[in-house]
Structure formats: C-alpha cells, structure tokens
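Undergrad: Now for the letters of each chain:
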Amino acid sequence: MSAKIATRDAYGRALVAVGAENPHIVVLDADLAKSTKTIEFKKRFPERFFDFGVAEQNMMGTAAGLAAAGKIPFCSTFAVFATGRAFDQVRQSIAYTRLNVKIAASHAGITVGEDGASHQSIEDIALMRVLPHMTVFVPADAREVEGAVRAAVEIEGPVYIRLGRAPVPVLHGDDFAFVPGRALEMRPGRDATVIATGIMVAAALEAAALLEPEGLDVRVLDIHTIKPLDVAAVVAAARETGAVVTAEEHSIIGGLGSAVAEVLGEHCPVPLRRVGLADVFGESGRPDELLVKYGLTPEHVAEAVRAVVRRKGR
Amino acid sequence: MEETLAALAARARVIRRHIIRMLGEAGSGHPGGSLSAAEIVTALYFHVMRLDPARPGWPDRDRFVLSKGHACPVLYAALAERGFFPPEELLTLRKLGSRLQGHPDMKKLPGVEMSTGSLGQGLSAANGMALAARLDGRDYRVYVLLGDGEIQEGQVWEAAMAAAHYRLDNLTAFLDYNSLQIDGPCREVMSVEPVAEKWRAFGWHVLEIDGHSFAAILGAVEEAKRTRGRPTMVVARTVKGKGVSFMEHQVDWHGAAPKGDQVEQALRELA
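Each protein sequence line maps, in turn, to chains A and B. So for the first sequence, numbering that gives the first Met the number 0 puts the first residue at 0; every next one is plus one. So for the second sequence, numbering that gives the first Met the number 0 puts the first residue at 0; every next one is plus one.
The set of hints was computed from the structure by calculation and includes no laboratory data. We treat Cβ as the ideally placed atom computed from N, Cα and C, and that holds for glycine. Any given hint could turn out to be false.
[What the hints assert, rightly or not] Not the full set, but computed from the structure, chain B residues with beta-carbon under 7 Å of chain A:
| no. | residue |
| --- | --- |
| 1 | S114 |
| 2 | Q120 |
| 3 | N126 |
| 4 | M128 |
| 5 | E157 |
| 6 | A195 |
| 7 | Q261 |
[To be verified] So the derived list for chain A, only partly shown, Cβ under 8 Å to chain B, looks like this:
| no. | residue |
| --- | --- |
| 8 | N21 |
| 9 | A54 |
| 10 | G64 |
| 11 | A67 |
| 12 | K70 |
| 13 | D87 |
| 14 | S92 |
| 15 | R97 |
| 16 | A208 |
Given only the sequences and the hints, what does the whole structure look like? Please build it.
TA: Right under this line is the structure:
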C-alpha cells in the first residue's frame, strides 16, 4: 500500500490501453469526460470518442445501437446519472437486449464529497445488480480497475463498473490477476469475516489489523464482482468463521450487504452486520468527514465485527 | 427488391390482413398504430431497404428500428412476407414461447434490429447504428419509425439534437402522425405541434407527406438519400386504423384486438 490512485484515473489509463488493442472499442460520455477521465481516450482516439452533452438517456440508447452494429461502447458519467437518470434505457436497450455495452460510472458513493447528496450514488449497485444479464464490478484499487476493464472487453454482454473520485490505496502487486466472479481472500482468519467491496476493502484490512491486538483473527474477502457473486467463498467464510460483516460505500439496502444476506439466508445463516449507508442520503463535506459521519471507517467496521462475534454461539 | 407501386399496394393489403388475423388470434395488441404505418413499413421492406432474409446479420444490410414498438404486428407481418420467418408463425403473436413478443425482441426474432416497447428509445439506437456505419465506412442506411405520442418523450429530443450534431445523413426517420394516442387526440393530451418546425429547429431536413401514398414515401426516401450533412425526418400524415372502416380515426382501437365478427368484417374490407 504505497501511492494512492483514484479508480477513475486508473479507468482513464485502462481505456487507452484496451483502445489501442481493440479498434471496436468506442467511448461515450455525457459532458463529464474530464471528471470520468474518458478524456484520456478522447485525446488518443478522437475519432472513437463521442460526447452526448448533458443527455445520459440518449447516450445509453446510442450505445445500444453502436453495440448492435458490432462496436464495444464504454459509457461514462457519474454513477448517479448512469444508473438513476438512465435506468430505463439501461434496462430496456442494454440489459434486456444483452447488448455489448459497458457502463463505467465514476463518482460513486459519498466520497464524491462536497457536491452533496444529489451527486452521491448510494443505490447504483442495487439498481444494476437487479437487472438480468448485467455483470457488476466494484474495483477496490487501480489494478482491479484495469482487470475489470479488460474483463469487460472479454465479456459478451452488458457490464457495470463502479468507480470512485477519491484516491485510494493500491492493494495489489504487479502480478495481480483479475478473475471475474472470484472473491479474493486478502487476509486469512478464523473468528469472523469482513466481506468488503470497493474502497471498503482497504478499510476492512485496517479493521482486521485493529482487532488483532484484541485476539480476534479476522478474514477479509474482497468482492470485486458483485454479480455474479462468489457464493462458494461467501458460504465458506460463514461456515469457517461463523460471523460475517459486510462493508460497502453504498446503501445497506440492495447492495453487497443484501447480496451476502441473500446467500447466507439460503445457505448458511450466521450472525451478520451490514456496514454501509443506513437507508439515508449523504450530504456535502470532505470525503474523510463523510466517511466518519456515515459510519464507513475502519473503526466502524471493527465495532461491527465485535458485535457479530459477541452474537456467535448464542 | 423494388416492387412497383401497384405491387406495393397489394402487399400492404396482405400485411393489413396479417395484422388483423394476428391480433384476432392473440386477443390483445395494437391495431390502430399498426395499420396507420402499413404503407411506410411496406415501402421500406419491399422497395427501399437492402436486405437478405437468409442473412439477417449481414453487416451491410439497411436497418429499420421500430421505435413505436407496440406497432410490432406491422413489422412482424412485413418480416414474414419478406421471408425472415414462416408466415404461419404470425399466429403465435403474444403467446407463451413465441418469438413474436408483445413488443419486439431482437434476441428472439430474426430481422428485428432493436428491442423496443418503452417509448422514446429507438431513435437513440438508430443514431448509434448510423454512427457505427460511418466508423466502419459502410454505406448502409438506417430507418426509424416514431409515433406521434411517442415524441412527447424527452429522450427523443436528446436524440434529435445528437443526430443533427453528428450530421447523420445516413439516417431517415418517419413520424407516423396519426394524431391519436391512448388517452385521446394528441392535441388534447399533449400537443406536439408545431411538429415540422420542431424538427427543423433541431437541425433536421424535414418533409411532410401523405403517409399512405407510396409515391410520396418513395419520393421522400430518395430526397433523404440526396440530403447531405443532416438527418431527414419525414412527417407522414396517416389515419389511425387505416383500411378498416370501423377502426379509422377511432382512439379505442389503439390497444384493443378485434374479435370474431370484427375480424371477419375487417378481412372482407381488406380483401
């Protein structure tokens, strides 16, 4: 964990890399190219970049048409607009049709910061996860972004990639291999498991370190693929550690926490706590202040682990 | 395939008969806006478009997007008559397991270029196909049919702006201007007027024609092909329910299927 890199910056670089390899890749944006970092692709391949202005619905529909004619469109805007404003276009023209459209949405979660609740997507994982045919990636660091982008190119069908604004630690080394749908055990442990996604993977690792002096041996799973979820890894973690905490920069309704609860409810019920936004909208503030106020720090994750461990064996 | 005007008129009659039979058999569906678009769709499939039913995925084919997806009976009838699938299959419309879904599904039925049904999305998709043609250096053309009630959707105007911005002169849109929508006359529900001026203001080449005249439709298509640097919108004045006396101009036939005697009478009128 050295230099921090925002996942949107890693996306801009990954797009240029795959764009150089695959001439079918085109990139669409809705007046946010500088923020989503698709501007990097625009600079390199201007003839394959299309700006649609402040019109996300048309961008998604146009991507469907491009895909129907053999292109591989990557559509970018803020997550709140990609999945909320244009939900019906994503549902009807992209998911239902199983067209080869990639939606890479940045500025997800409350670490958008000062722009406030209107721009902080806390429901995008839920909205994309519920759609048949949709693959959902939530990369935790720059290397996972590159892996997710490359995987998205390989997958024949719609893919959602959730990206963030704020710089985050690089968790993986040069040799990291991204395997879609496979959870990563970032740290072994026997007493409880934190199942985390996105920026909360780093927080989960810190939480595990905080709990070590208390004699708690905490496993950390990095779920970069929300859908299809690695059911075997989730069930094994519950069975082997007996208590689970989920951690996500998203509502606790409909996202990773819900996905894990669904699996555990059916296969292996154990004490569970969901760390995330507790059915509330965010607000303006610095990212670090917001993470504290809305309960998304390593300390919050650690407290949730203590709580589920106390409930074990009752 | 370039059928003569007389052959096209006969073909449209056959397509209208298919529409009535399909909807009678299905027991639900949308006759009014299917019948109003019969000449436009017939002209495209039997005179205008470069197609090969044996190769529905042929990269150089012309594309047609039925943005007003509820009018799919007219599309299905044209596709079957053109040889994309057996006409007998038309009678499976809206039934469990059928490839002929209540609204078009591109993954199920060969010849359907885009799944539609949620209104206002087809023009965006057509824009994407037209952009792809330019990127690939292909000379296929893209046609799209919109409903008049449909253009009340905001996305249509986002797409209208984009088509002009990107100078998509390989795109031709038709507006099936039959003046009626589910809740009544468009001018009472939500006026779309002045419609031609709206599209002109958005940067389109706009033509206004009689949407039941094959000569006018073919003339408009030729003019659109000659137009450079702008997409063309053909505002086609039509009659909802056209060809069946008791359906013409009747808003209640937007989304109600004919039954027994009504099917017989309609088929007699279309004989």
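Undergrad: Hints first: check each against the structure and report whether it holds.
TA: Structure-based check of all given hints:
1. Nearest Cβ of chain A to the Cβ of S114/B: about 5 Å, under the 7 Å cut. The hint holds.
2. The criterion of a C-beta within 7 Å of any C-beta in chain A is met by Q120/B, whose closest approach is roughly 5 Å, and the hint holds.
3. Because the closest C-beta pair between N126/B and chain A is about 5 Å apart, less than 7 Å, the hint holds.
4. Taking 7 Å as the C-beta cut-off, the interface hint given for M128/B holds, the closest approach to chain A being about 4 Å.
5. For the restraint placing E157/B at the interface with chain A, the shortest Cβ-Cβ distance is roughly 4 Å, inside the 7 Å limit, so the hint holds.
6. Interface restraint check for A195/B: the shortest CB-CB distance to chain A comes to about 22 Å, outside 7 Å, so the restraint is violated.
7. Restraint check, Q261/B versus chain A: the minimum CB separation of about 32 Å is more than 7 Å; hint violated.
8. The interface hint given for N21/A is violated, since its Cβ lies 13 Å from the closest Cβ of chain B, which is over the 8 Å cut-off.
9. Satisfaction of the interface hint for A54/A is found here, the shortest Cβ-Cβ separation to chain B being roughly 4 Å, below the 8 Å cut-off.
10. Residue-level restraint check for G64/A holds (minimum Cβ-Cβ distance to chain B is 2 Å; threshold 8 Å).
11. Because the smallest distance between the Cβ of A67/A and any Cβ of chain B comes to about 6 Å, under 8 Å, the interface hint for this residue holds.
12. With its C-beta approaching chain B no nearer than about 5 Å, K70/A sits inside the 8 Å limit, and its interface hint holds.
13. Here the hint on D87/A is kept, as its CB sits about 6 Å from the closest CB of chain B, short of 8 Å.
14. The criterion of a C-beta within 8 Å of any C-beta in chain B is met by S92/A, whose closest approach is roughly 5 Å, and the hint holds.
15. For R97/A, the interface hint holds, since its Cβ comes within 8 Å of a Cβ in chain B; the closest pair sits about 6 Å apart.
16. A hinted interface residue such as A208/A counts as satisfied when its beta carbon comes closer than 8 Å to some beta carbon of chain B; here the least separation is about 48 Å, so the hint is violated.
Consistency note: the structure conflicts with the earlier hints numbered 6, 7, 8 and 16.
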